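Colleague: Hey, can you piece these two chains together into the complex? The hints should help.
Chain residues, written in single-letter form:
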Amino acid sequence: MPNSSPGARAEAPNSKSGRERLSSTVVSLAATASAGMDELSLEQALKDVDLANARVIDLTQRLIAAQRRTIELQTTVDRLQVELSQLRARHNQMRNSRAFRMADRYWRVLGALRK
Amino acid sequence: MSRAPRVLFAVAVYNGPDVVPDCLRSAARMIHATCAVDILALDDASPMPGFSRDVERLCGELGIGYYRSPRNLGIPRNFNLALLQALRGGYDFVVLANSDVIFSGRVVEELVAVAASDDSIGSVTAWSNHASIYSLPNTQPDRFLSDQAIVDWVADTIAAEFGDAAVDIPVGVGFCMCIPTRVLRVVGLMDPVFGRGYCEENDWTLRSKALGFRIVLSPSAFAYHVGGNSTVAAGLVSRGEYTVPANERILDFRYPLYRSQVDSFQSSEILDTLVDRALARIVVAAAAEWGYDITIGHLRGPETGATMARIALEVQGDGLEVVGAFRGFTGRMDIDGEDLVRAVVDRVGREPVAIRLYDQTLRRGLPRLSVDHPELVEEVTYPGRV
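Protein chains in written order, with our numbering: chain L, 1 to 115; chain Z, 116 to 501.
Extracted from the complex, chain Z is given alone in its bound form (with noise of 0.2 Å):
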């Protein structure tokens, strides 16, 4: 492709005045240097008293496209609407979004690169705290994750972690998923059997695996999501749940093999290794930025990591076991040597705020622990039990 691919990022639109506002700044914000992005939001007729007019008025003032559906269509076929257009409009590639997401800077970037490394991917879904199985675990998402800033600041971390790595799997995930126009010509439109939406984009997916195209994850295409935020809205789920059961059985009916499938894609390491390097990718720089304390034998705590990382020390098994978070974030590290401490310093390449020592008999069992710094060591013993 000489020319830079276009791209239409549609954003479905159902209700939601907490996270739509966000979503459309984020993704207006984006950085588009390596192709032309037409943002799309696509209202669907959402019923809230002036909030299709609100959202009209901002995306005004944002730059990008809005239009608002006469009727309630229901997700697949309003996210019908975008891949239409993608190729009434002569689009290379279609990027369906929902509206409870932050986009990070280069989302879009990272999803057409991949997209277009290899002519037999269908699909490219994006990486995210809340992306089904494939979720990259966070404690306190909508506490650390729901900022623009430290959502460009863990992509370009993962991104300089795995690059234009596409991983294979299962079945993609509709929340941000890029898929190239020639083979939307191929496999066709989501099917408005699912209804008011759930299990739409799985089914796409299953389908261009069944016509040959490989499903793909970008784990550098780092999105935060909420989650089930305009089908809760709509009532379409309740609370806290997260599919639709008529739809899972429509699945089952057509992919006999799916859910092994899935079953099989965790049982492997992938997604283990995915998120045990991100993790700790993300603990080590983030100490690297913002500095960080050392606790041996203590990490626990709401507070662990809030602002800056914390790196202990902990018993696992016979030994010791190096582990890092940051903002929700919690990772192994893999660290060993006599000098855990030490080792720990020369990973992050700085030294730490703080040592701190909660545990006296882990101190003995380690057979070195030395620091440049003595006087940042600093005894602490837990209050007495109440």
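Extracted from the complex, chain L is given alone in its bound form (with noise of 0.2 Å):
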């Protein structure tokens, strides 16, 4: 974009001297605006695609990632249920056992007396 000596706007547009001075630059101004302008964009465009792809691949190397470590933490989980189950089964086990139930009796019969 052009550009004329600094301030050669600085007078009010609505005055005659005003409205011809911007007349004389409005053409030009609005020209290489344009021109210039298409090959601005179009390389802003190229260089927003390259970061769109570079982000793409960044965000998808992420997403393995984040999914790689959600099955392992699945993986973890699964297998700690798996494991309590069986704490848990062997837990009833031992609570249905006639030597716990005995001493379960025992501890009730001594804490009464204590009372």
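Hints were generated in silico from the structure; no laboratory data involved.
One or more hints might be untrue.
Unchecked claim - Over 12 Å on every C-beta distance to chain Z, these chain L residues come out as not near it, computed from the model:
(1) 60
(2) 67
(3) 78
As the list claims (entries may be wrong) - Partner residues aside, some chain Z positions facing chain L, computed with beta carbon under 10 Å:
(4) 157
(5) 196
(6) 231
(7) 308
Since the model is a prediction, treat every value here as computed from it, not as a measurement.
Note that CB positions come from ideal geometry on N, CA and C, so glycine has one too.
Modeller: As structure tokens, this is what we get:
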């Protein structure tokens, strides 16, 4: 965009001399703006595409890593749930044994006597 | 800077036949005695039939540069064109503006004066009736402020109060924002991740802050802003909404402290002080210029202050408070003393056109109520209830 001398458009545009000055700069201003901007816009659009592609690749890599981590964590959770259910079964088995029930009864009687 | 600074003033356009012509005319008549300004309208492939052609013609008449992108870019990338053009064209400052704004005559000079006052300033946001959390409240802005003359008057009045003050703010607002190009070289462009727009300028200013630059508001650079016009037209947000939630989430992710910083700013008295001083100044200046009436016990009503200022003495707690209204602005005035009416007249510097007593009990509560012209005093009774 061309730029006339600093402060050249300081004058109010609705004054006569201001209008004349404006009209003299209108054509060059608009034409140059359009010509250069196409090039600028295209150049930046290509950079934006590169940026977008890089971001997609980066996000995809992060997504894959996150999915891998999710699978690892899910495997750990599944394994721990199996271990937990095995321990619960064992615990219940112990609680239902004759020795546990006898001991439990003994402690209840002892508790009642202490009161 | 020995020579006058060069400024690229870019207006992002997308449809908006109701607002864009006024905006461009307003931009074209801006005063730039202290800087050389080139104005550029960036039409983001407005789809409305004939609209782009009309805007191009108007730009030609006004001496404004015009560029229509061959396809829609969205606000961030459209603004990036302006930023790139500013860098390529060797400008010292670039102003990014929406197209639903009426700029005050001195807005560029005010923005540039503040931006040039300190090398650490990375961006300067203008002040407005609609500038996110920084808004100067007005009850009917579309009715009372959408006029170039009143925008200029409000801006001049506020500028007389604040001068070249730069108020540090937590984040910038892009409806009218000035960026020094030397800062632009460090911070870079707007991030296209914000797609069709919203939050891109917040992100940019927060990025600039992380790099050590200040984000400031220039209260003296006032502009009237409709708000949301192009984004509503584009279907980006619904009418009455002012943001895009997905883009807000990006901000939250990148700047976890941002919300709390905004909350802290709002909790401080900075903004309240700014608004109170501006409103009081506007009311007093309006009263001095266009006249005023004083009411005792009554301020309200949509027409209050429509043609001239109104200053009301109202009950507030145990005492009386002086409140002024003018064209949708309502502000508390820091006036006290035994004779409030006389104090108001002294502050304004001229007599009121009328003093209306709506509440006789308040008159009895006033220790003194002296006026030079008792004939002005009119006792008003409320109409009987229907």
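Colleague: Given residue 196(Z) was flagged as interface, is its beta-carbon under 10 Å from a beta-carbon of chain L?
Modeller: With a minimum Cβ separation of about 6 Å from chain L (threshold 10 Å), the hint on residue 196(Z) holds.
Colleague: Taking the closest pair, is the beta carbon of residue 78(L) still more than 12 Å from chain Z?
Modeller: Holds, because the least Cβ-Cβ distance between residue 78(L) and chain Z comes to about 31 Å, which exceeds 12 Å.
Colleague: Beyond 12 Å from chain Z, beta-carbon-wise, is residue 60(L)?
Modeller: With a cut-off of 12 Å, residue 60(L) remains clear of chain Z, as the shortest Cβ separation is near 15 Å.
Colleague: Taking the shortest Cβ-to-Cβ distance between residue 67(L) and chain Z, state whether it exceeds 12 Å.
Modeller: Its Cβ never comes within 12 Å of chain Z, the nearest being 19 Å, so this holds.
Colleague: Could you check if residue 157(Z) really has its C-beta closer than 10 Å to a C-beta on chain L?
Modeller: 8 Å, holds
Colleague: Can we keep the residue 308(Z) interface hint, with Cβ of chain L closer than 10 Å?
Modeller: Given a least distance of 7 Å, the restraint on residue 308(Z) holds.
Colleague: Going by Cβ atoms only, is residue 231(Z) closer than 10 Å to chain L?
Modeller: At about 14 Å, which exceeds the 10 Å cut-off, the nearest Cβ of chain L leaves the hint on residue 231(Z) violated.
Hint 6 from the list above is the single one not met by this structure.
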